[in-house]
Amino acid sequence: MTIKPKNILAFALLWLSGTTLAFDLPRTAPEAQGVPSAKVSALIDSLTSVLQAELHSLTLVRHGNVIAEVGVAPFSYDNQHELFSVSKTFTGAAVGLAIADNLLRLDDRLGAIIPEALPDSVPAEMADITVRDLLTMTSGIPVDWMMRGRKDKWTPELLSHGMASAPGKNFAYDSMSSYLLSAIVQKVTGRTVLDYVTERIFTPLGITDFAWDLSPEGVTTGGWGLWMKPESLARFGQMLLDGGRWNGRQILPEQWVKLMTTKKIDVPGTSDYCYQMWTCDHPNTSRADGAWGQYIILMPDEDMVAVITQCQQGVSEKMQSYVWNVLSPALSDKPLPVGKDYRKLQKRISSVAHPFPAGKAGGHVLLPLLGKTLYLPENPMGWRELTLVKSGRDIKLIAQTDKGITDTIVCGNKNWVKSVYTSNPPDERADTHNRFSGHKNKWFADAAYGCTDAYPYGTFEAKIFFTNWYSSLDLKITPGANDCDVTFHLNYSKPVTVKGVWKKP
-3 MTIKPKNILA FALLWLSGTT LAFDLPRTAP EAQGVPSAKV SALIDSLTSV LQAELHSLTL
57 VRHGNVIAEV GVAPFSYDNQ HELFSVSKTF TGAAVGLAIA DNLLRLDDRL GAIIPEALPD
117 SVPAEMADIT VRDLLTMTSG IPVDWMMRGR KDKWTPELLS HGMASAPGKN FAYDSMSSYL
177 LSAIVQKVTG RTVLDYVTER IFTPLGITDF AWDLSPEGVT TGGWGLWMKP ESLARFGQML
237 LDGGRWNGRQ ILPEQWVKLM TTKKIDVPGT SDYCYQMWTC DHPNTSRADG AWGQYIILMP
297 DEDMVAVITQ CQQGVSEKMQ SYVWNVLSPA LSDKPLPVGK DYRKLQKRIS SVAHPFPAGK
357 AGGHVLLPLL GKTLYLPENP MGWRELTLVK SGRDIKLIAQ TDKGITDTIV CGNKNWVKSV
417 YTSNPPDERA DTHNRFSGHK NKWFADAAYG CTDAYPYGTF EAKIFFTNWY SSLDLKITPG
477 ANDCDVTFHL NYSKPVTVKG VWKKP
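Quick note on numbering: the sequence shown equals residues -3 to 501 in this note's numbering.
None of these hints come from the bench; they were simulated from the model.
Note that beta-carbon positions come from the ideal geometry of N, C-alpha and C, so glycine has one too.
Distance ranges between label pairs, derived from CB positions:
id : residue 1 : residue 2 : range
1  : K340      : A450      : 36 to 46 angstroms
2  : V263      : T194      : 23 to 33 angstroms
3  : K336      : A96       : 42 to 52 angstroms
4  : K495      : H59       : 52 to 62 angstroms
5  : G186      : T483      : 45 to 55 angstroms
6  : Q246      : D74       : 25 to 35 angstroms
7  : P152      : V497      : 41 to 51 angstroms
8  : G359      : D277      : 42 to 52 angstroms
9  : A123      : K259      : 25 to 35 angstroms
10 : Q48       : R101      : 37 to 47 angstroms
Listed next, the in silico SDA-like pairs over lysine to any residue satisfying Cα-Cα at most 25 angstroms (straight line):
id : residue 1 : residue 2
11 : K147      : G158
12 : K410      : S346
13 : K414      : D205
14 : K343      : A38
15 : K392      : V416
16 : K410      : D481
Make a model of the complete structure from these sequences and hints.
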């Protein structure tokens, strides 16, 4: 749901009254749940100030009430988002359901469940791998991050690699362990993990907007590939916080939730591992954790859930720690008076945004660029031709890719403009076969630009966010006398500058 500025006051009054607005999680002012609005504002400021991170959304829940939902423009808390390894926690929940249904046990052996996937000559140690070993990332199977790039059946190929160590001994984080859990659940239930959790978890929680990728052998990917909105993640997190209960109904066994959220394996130098979840560096906390900083943080002592979507680079612990360091010391067990800080928070939420590129809507830098085709050598976006066309105050970037696809991205000046993006969005893992096999929605690119007239030719700069994904692009074009320098800076890699020419090579 998008809240327009003119509706903020009415929305605030609904929050104060605890009205649910047709959501299962009620909304209230932070003060109603003993949280000072000023501290929520401070948390937003902290999370958005980290240069190595681009915050997409923040959702805070206390005592079962949403006290803040933030979308950092051009992102919205209503965006479906790729969760990466947060997906593992949902797979862990599916394992718990299968155990509760008496279809599976922690000590069941991999080879006894899916014998058809075993190699002809089975190492003795492989025969001893249990469901528990896969849950704790101690299977002993060699880690192979290239498996997801294969086009054939992943399970027999993975098991043909033999063993790196005895099962149950050494922790080795590996998404294929979660994939094997997904294959196991599918074997014992006769249904994919997606179908299983849709009936048993998503439907009871009222979660309807989701997708999950499939492997070439028809197995839900398990360790990655789940797409969901932040509010749906908050519901799932609240269910876990409440010991598997939702609206008076036991969705997951309470004992299984306890097993999922408590330490099982000591991992030196970082957080410790549970069952497809991690502990946190704060007492009695745990989290679902996905690449580039997707989190569901559970804080039982504070009775809080925090959901974060973003793209962070190497600052995971810092981004997590802000949640408890900023909020925990200020929490009250009783409601607090609502005052001007709450109104300031609402204004902060309605205005929080990523900065626009510097510069104006026009200038002499555009003269050599408009309407002409710039031919590009190999570059991170795979663009071979680029044309800029002016449309009022907006600029259309028309890119022809090396795959023959035409992408048109409209950029506003001091304004984010949304475009449907035809190609797959840029991805550090672009060689992964069958990626996005479960993603059926359109891709979106939200973009803005600015022009500077610095001597001698000036620059054209655009910022492009792929808003239902994790990546973004800083594009800078500096025309010269006979060509252009074009710099591509994707948020997960270093800048790359190529020389574009006006005449087709």
